[in-house]
Every structure is written in structure tokens, then in C-alpha cells.
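S.K.: The primary structure of each chain is shown beneath.
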Amino acid sequence: MGEIRLMKGNEALGEAAIRAGLQGYFGYPITPQSEVMEYLAQQEPHHNYVFLQAESEVAAVNMMYGAGGAGARVLTTTSSPGFSLMQEGISYIACAEIPCLFCNVVRGGPGLGTIQPSQSDYFQSTKGGGHGDYHTIVLAPNSVQEMVDFVYLGFNLADKYRTPVTILSDGAIGQMMEKVELPDPVEYKPDKPWATTGKTKDRERNILTSLYIQSEDMEKKNQKLQKKYEKIKQNEIRFDEYKTEDAEIIIVSFGLSSRVSRKSVDIGRAQGMKIGLFRPQTVWPFPYEKLREYADKDRVKFFISIEMNAGQMVEDVKLAVCGKKPVHFYGRMGGIVPDSYEVIEQIKKIKE
Amino acid sequence: MEDIMPAKGYVEIDIERCKGCDLCVLSCPTDCLALNISDTNSYGLYYAYLKEEDDCIACMNCSVICPDAAITVYKKEDQPKQRS
Amino acid sequence: MKKGYKLIYKRPQTLTKTRINYCPGCFHSTMHKLLMEVVEEMGIQEKTVGVCPVGCSVFAYNYMNVDMQEAAHGRAAAVATGIKRMLPDRYVFSYQGDGDLAAIGTAETLHACNRGENFTFVFINNGIYGMTGGQMAPTTLEGQKTTTSPYGRDPEKIGLPLKMAEIVSQFERVAYVERVSCNTPANTRKAKKALRNAFEYQGKKLGTTFIEVASNCPSGWKMTPEQSLKWLEERVFPYYPLKVFKKPDKKEV
Chain A
1 MGEIRLMKGN EALGEAAIRA GLQGYFGYPI TPQSEVMEYL AQQEPHHNYV
51 FLQAESEVAA VNMMYGAGGA GARVLTTTSS PGFSLMQEGI SYIACAEIPC
101 LFCNVVRGGP GLGTIQPSQS DYFQSTKGGG HGDYHTIVLA PNSVQEMVDF
151 VYLGFNLADK YRTPVTILSD GAIGQMMEKV ELPDPVEYKP DKPWATTGKT
201 KDRERNILTS LYIQSEDMEK KNQKLQKKYE KIKQNEIRFD EYKTEDAEII
251 IVSFGLSSRV SRKSVDIGRA QGMKIGLFRP QTVWPFPYEK LREYADKDRV
301 KFFISIEMNA GQMVEDVKLA VCGKKPVHFY GRMGGIVPDS YEVIEQIKKI
351 KE
Chain B
353 MEDIMPAKGY VEIDIERCKG CDLCVLSCPT DCLALNISDT NSYGLYYAYL
403 KEEDDCIACM NCSVICPDAA ITVYKKEDQP KQRS
Chain C
437 MKKGYKLIYK RPQTLTKTRI NYCPGCFHST MHKLLMEVVE EMGIQEKTVG
487 VCPVGCSVFA YNYMNVDMQE AAHGRAAAVA TGIKRMLPDR YVFSYQGDGD
537 LAAIGTAETL HACNRGENFT FVFINNGIYG MTGGQMAPTT LEGQKTTTSP
587 YGRDPEKIGL PLKMAEIVSQ FERVAYVERV SCNTPANTRK AKKALRNAFE
637 YQGKKLGTTF IEVASNCPSG WKMTPEQSLK WLEERVFPYY PLKVFKKPDK
687 KEV
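These protein sequence lines map, in sequence, to chains A, B and C.
By the numbering used here, the letter at position 110 of the first sequence is numbered 110, and the numbering carries on one by one without gaps.
By the numbering used here, the letter at position 46 of the second sequence is numbered 398, and the numbering carries on one by one without gaps.
By the numbering used here, the letter at position 160 of the third sequence is numbered 596, and the numbering carries on one by one without gaps.
Hints may be right or wrong, so weigh each one.
Unchecked claim - Some chain B residues judged to face chain C by a derived CB distance under 7 Å, without partners named:
{"id": "1", "residue": "Ile367"}
{"id": "2", "residue": "Arg369"}
{"id": "3", "residue": "Met412"}
{"id": "4", "residue": "Asn413"}
{"id": "5", "residue": "Ser415"}
{"id": "6", "residue": "Ile417"}
{"id": "7", "residue": "Ala421"}
{"id": "8", "residue": "Thr424"}
{"id": "9", "residue": "Tyr426"}
No lab work stands behind these hints: they were computed from the structure.
Every residue gets a Cβ at the ideal spot worked out from N, C-alpha and C, and that includes glycine.
All chains, please: the whole structure from these sequences, using the hints.
M.R.: Right, dumping it as C-alpha cells:
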């Protein structure tokens with residue numbers, strides 16, 4: 001049993017990163033994630049990592065590139081407008097295959113938007129916000145505990161596959177306070193023969209680049225990346241289910257909306273509806289196969305995607321279901337969180 | 353008064369690395385280098401060569417200014433009373 | 437080697453065997469050579485990490501036999517910051533052109549200097565964007581013709597050329613700023629000494645070191661290498677003088 005604390009999501013993220021062996025944090029303040037920075041700045045003298053407030057998110061992501069390329073375990077946190085600024089850097093990091101952990105504490109947009117929570121960066125995170133054929137692994141926590149667990153998972157997946165990983169959080173999870181069990185600190189001593197630490201006599205020089213000026217070389221690189229993504233799709237899909245064993249209506253939801261939807265399942269069940277919740281924990285790679293299995297079942301009448309955006313994950317649900325059953329959507333935007341009763345009303349309307 | 357000899361040297365120019373930029377020829381204080389305009393390397397460029405070996409004083413102006421590090425410089429050993 | 441002679445100079449081992457592809461007479465080649473000579477002479481090949489830019493020298497990692505990272509355009513100062521903060525005992529340098537350092541990368545450059553990041557900037561200023569075909573740069577001279585200033589740079593429209601060495605020498609935590617050139621053997625030797633100083637000061641953790649090279653671009657300027665040297669002497673040096681702008685106190689060194 002690890003240490004139990006009552007913590008705010010943002011601070012839990014910072015504490016988890018420290019325990020996971022964080023070596024470099026480079027970030028820029030933006031609501032609603034500045035507490036992560038403040039926590040890490042405050043904790044710096046007690047630990048062995050470098051905390052650096054960069055002059056912009058553009059600078060921060062490039063510091064990540066350099067530090068991660070030098071072999072360090074690195075983290076940055078930001079929110080939607082800042083995450084947009086990082087897209088170029090993420091594309092470079094994905095191609096140069098540098099392990100980095102990003103956390104986007106999503107707020108309402110587009111543009112400067114609002115500081116209230118949202119889920120409108122799903123497309124940006126899963127379909128690539130930067131240029132080129134790449135993906136980042138995208139983890140979608142829905143509680144402070146999962147924030148902590150996904151930091152460990154995110155760092156390990158980044159190292160395992162030499163790829164950037166994004167934790168898709170949101171303003172509410174960042175701000176809410178919950179009981180969390182903190183894992184034991186890790187002694188981080190990685191073996192990274194590809195890192196730019198100085199060319200010793202026993203090896204050739206290491207070059208980290210995303211430039212492959214000859215088309216044949218660029219294609220080979222892309223094929224290598226695609227193979228890697230296939231492997232990730234085979235091995236790293238994670239999801240959670242609640243009362244789907246006999247469900248006729250399946251709610252598909254991630255992050256904060258899944259908390260709302262879970263209560264909706266209980267409300268619906270109390271009213272005699274057979275509802276279940278399917279919650280992707282990795283939104284890339286997306287659990288298409290499992291959803292397809294549900295679509296094939298006769299008892300399942302329809303799916304409904306509950307999100308805090310104009311309809312983003314619903315497109316992946318439709319891809320999974322492949323027209324076999326109807327897929328509906330209900331969402332709120334602008335930082336408004338739907339409430340569980342509202343969701344049930346929508347479901348009732350659809351049933352008629 | 354004893355005889356004072358000038359320094360003596362010679363250079364080797366890597367023909368393929370040389371790009372015929374002419375800067376070594378311009379920098380040589382004794383005019384012992386020249387571009388060979390009757391021949392080209394495999395890149396189609398005129399290369400520099402040591403035209404007057406006797407005049408080379410191993411001053412290294414050429415190897416210092418050569419952008420491509422195409423020049424190797426040798427200097428005569430044990431020259432008595434050498435003014436280099 | 438002939439009998440009775442000794443070798444006094446050959447190409448540094450820290451340059452790779454690959455034939456350097458920059459244009460004939462370009463100071464990029466010269467600066468790569470000098471940088472690698474300094475690395476060889478200081479014996480720090482195993483402890484050196486470089487960052488290369490976007491521009492003609494995007495392929496610097498093909499020629500320098502040290503660990504290198506390719507940065508996005510303008511971001512080399514941030515990438516070098518990340519590396520040096522994680523590996524403070526390595527010799528880290530960023531190698532950038534005028535667009536990379538003084539246009540798109542100005543924020544990263546100034547802030548790294550303001551923080552006093554302990555790495556060496558090697559700034560190749562040739563007043564033009566060579567790789568992309570010869571467009572105007574922030575350091576293009578007044579009246580100089582480029583493909584995007586075909587009638588000559590007009591200060592009324594676009595301001596005067598930026599003097600980066602002058603600007604960064606004002607930062608408190610920048611330890612050493614010198615502008616050099618490679619137009620004569622004498623100046624080339626001085627440029628090498630400046631690089632050596634910069635690396636020595638970096639080893640002593642004195643702060644940011646910044647070497648600006650008043651460089652040429654025979655292709656972009658539409659000149660022969662010889663003519664490009666004349667342009668440097670007659671037009672560039674009066675505006676961008678070669679001098680030491682800032683250096684550490686004797687007692688720190």
C-alpha cells in the first residue's frame with residue numbers, strides 16, 4: 001500500500017512525475033495547469049531534477065527535444081493554446097524518436113477560449129496536430145488516481161517505444177481534489193545508447209534528426225515509424241467497462257465526461273434501462289476492435305458518445321461500429337460540463 | 353654573420369576535396385600555388401596545385417584559409433638558423 | 437611524406453571523411469573546420485554535443501564527427517538549453533545562420549543569453565538566406581539586393597540590419613562576445629582563437645559565449661569567392677566591425 005494523500009490533480013501529476021524519476025521539466029504558465037509548474041518549482045530543491053520556465057511553449061517543446069535527446073526523462077504540461085504552439089516540436093520529436101511526456105490540460109476553445117474544462121483537443125491529439133504521418137500515444141485519465149498512474153505509464157511507454165506520449169487531461173481533473181495512492185519512487189537509470197551524450201571511442205556519433213532529404217530514405221523512415229505504431233496498436237490499447245455485460249445501450253466516453261456518464265448509467269439502470277459505459281483509456285491507439293464486438297451483439301441497440309466538444313471521438317466510434325448500429329452523440333461546449341440527468345434525457349429521447 | 357635560411361616546405365592538395373575557390377592561391381605570399389585550368393576533378397572543378405615547390409615556405413596561409421581542409425602542409429626539419 | 441620533412445598541418449580527424457558540399461569559398465566550410473580543429477586540440481570529442489540549424493548548414497552533422505541534434509528552424513538555442521541543462525559537463529554548441537538565430541529564433545536566442553545558458557553560440561551571419569535561394573535576411577545590408585529585396589533593402593520599409601553581437605553583449609550573464617571573419621589567413625586564425633576562448637570559458641562555466649562570424653555567400657551574392665571577400669571588406673565590416681564586445685575579467689579566467 002503506497003502513501004495515501006488528498007491531492008489536486010495538477011499537483012498529483014507533479015508528484016507522480018518526481019517519483020517516476022523526472023529529470024527535466026520545461027514549461028510555460030497557462031491556466032488551468034500552472035499549478036503543476038508551481039508545484040515542481042517548489043519541490044525542485046528537494047530533488048534531483050531541473051525545473052526551467054521557458055520563454056514560450058515553442059521554446060519549451062524544443063528544450064524537451066534537446067533534453068530528451070540527451071537521454072533524460074522529461075515532462076512538459078500545457079493547455080490547449082500552448083499545445084497548439086508545441087505541435088511543430090511534437091512532429092520533430094516523433095520523427096527523431098525521442099521519448100517525451102506531454103500533458104495537455106484541455107480548456108475550452110478554439111482560440112484563446114475559456115479556462116473551463118473541455119475535450120475539444122481530441123482530434124488534435126489523436127489525428128496529429130502537427131504535420132506528417134505520426135502519432136503520439138494518447139492516454140485519457142478520468143480521475144486524479146489515473147493521472148498519477150498514467151504518468152508512470154506514460155514515461156514507461158515513451159521509453160519503451162521511443163515516442164512522444166500525451167496525457168489528455170482537462171481543467172476539471174487538473175483542479176479537482178481526490179484521494180490518491182502514490183506509487184513508490186523509482187530509481188531511474190536508463191540505458192539509451194542512441195542518446196547524444198558525447199561520442200565515445202567505442203561507437204559512431206549519434207545524430208538525432210528528422211531530415212531525410214532523399215525520398216527513399218524518408219519513405220523508409222516512415223515505414224519504420226508505421227511499423228512501430230502497428231506494434232503499439234497491437235499491445236497498448238487500454239479501456240475500462242462499467243455494466244456492459246448485458247447492456248443494450250452503450251455510452252462511449254472518456255475523461256471527465258466518463259465520470260458524468262458513469263452516474264448516468266446508474267440513474268438509467270435505476271429507471272430500468274440497460275445501459276453500460278465503455279471508456280477508452282487510450283484514445284490513441286483507439287479500441288476499435290472491442291467496440292466492433294459490441295456492435296456485432298444483437299442485444300446492443302445503439303451507441304452514444306458523450307463528450308465535451310462538438311463531436312470528435314464519435315467519429316472513431318462510428319469507424320469502429322462500421323454502420324452496424326446507430327451511433328449518436330451528445331455534447332456540451334465552451335467549458336460547460338454536462339450533468340448526468342441531462343445525458344439520460346438525451347438517451348430517452350433517442351429511444352423514442 | 354651566418355647564413356640565415358628561409359623556411360622550406362611543401363603542400364599536398366586533395367584534388368577531389370578542392371573546389372577551385374582560389375582563396376589559397378590569393379593568400380599564398382610566395383605565389384607558389386595556382387589553379388590548374390587544363391584539368392578538372394571528378395566534380396568538374398578546377399583544382400589548386402603546388403606550381404613552384406621551391407618557393408613554398410610552409411607558412412600555412414593556404415591550409416588556414418582553405419575552407420575544405422584540403423591542404424596538408426609539410427615543413428623541412430632541422431633547418432639551421434631558420435627564419436620561419 | 438618526403439625525407440627530412442615533418443607534417444605540420446593536416447585535416448582534423450574530428451571532421452568526417454565525407455566531402456563537404458557547401459559552395460566553393462563558403463565560410464561554413466571554414467567554420468566547420470575551425471570548430472572541429474578546436475574540438476580535436478582540446479581533446480573533447482567525447483564530450484561535445486552540437487545542435488545544427490535549418491539553413492545551408494542543416495547537414496552539419498554529416499561533416500562533424502560529434503553527437504549532434506537537428507533543431508527545428510530557429511529553435512537551436514532552446515534545444516541547446518535542454519541538452520546543457522541535462523549534461524552540464526559536456527561542451528555544447530549551437531551552430532546557426534542569420535534566419536535561424538535572428539529572425540525566427542530571436543526569442544529563443546535572447547532568452548538563452550539572458551538566462552546565461554552555459555553553451556557556445558556559433559552565429560554565421562552572411563546577410564542572406566542561402567539554402568532557400570537567396571532571400572533577404574534580418575542582417576542583409578541597406579541597399580543590398582536579394583531575391584526578396586530586388587531593389588535593395590529599404591530601411592523605410594523593413595528597418596536596418598540587426599546587430600546581434602552588439603545586442604547580446606548587453607546581457608549580464610553573457611560572458612564573451614566576439615565578431616570574427618575568415619576573409620584572410622590572419623582573420624581566420626583569430627576566428628579559431630575566438631572559438632577556442634569560447635570553449636575554454638564554457639569549460640570554466642563563465643556563462644554564455646557568442647561568436648558571430650561575418651560570413652560570405654558567393655552563390656547568393658552572385659559573386660566569385662574572391663569578390664565575396666571584397667564585399668566583406670568594403671561593405672560588411674564597416675557596419676559589422678570585427679571586435680571583442682565583451683570578455684570575462686582576467687581573474688575569472
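S.K.: Could you tell me which of the numbered hints above are not met by this structure, giving the numbers in increasing order?
M.R.: 1
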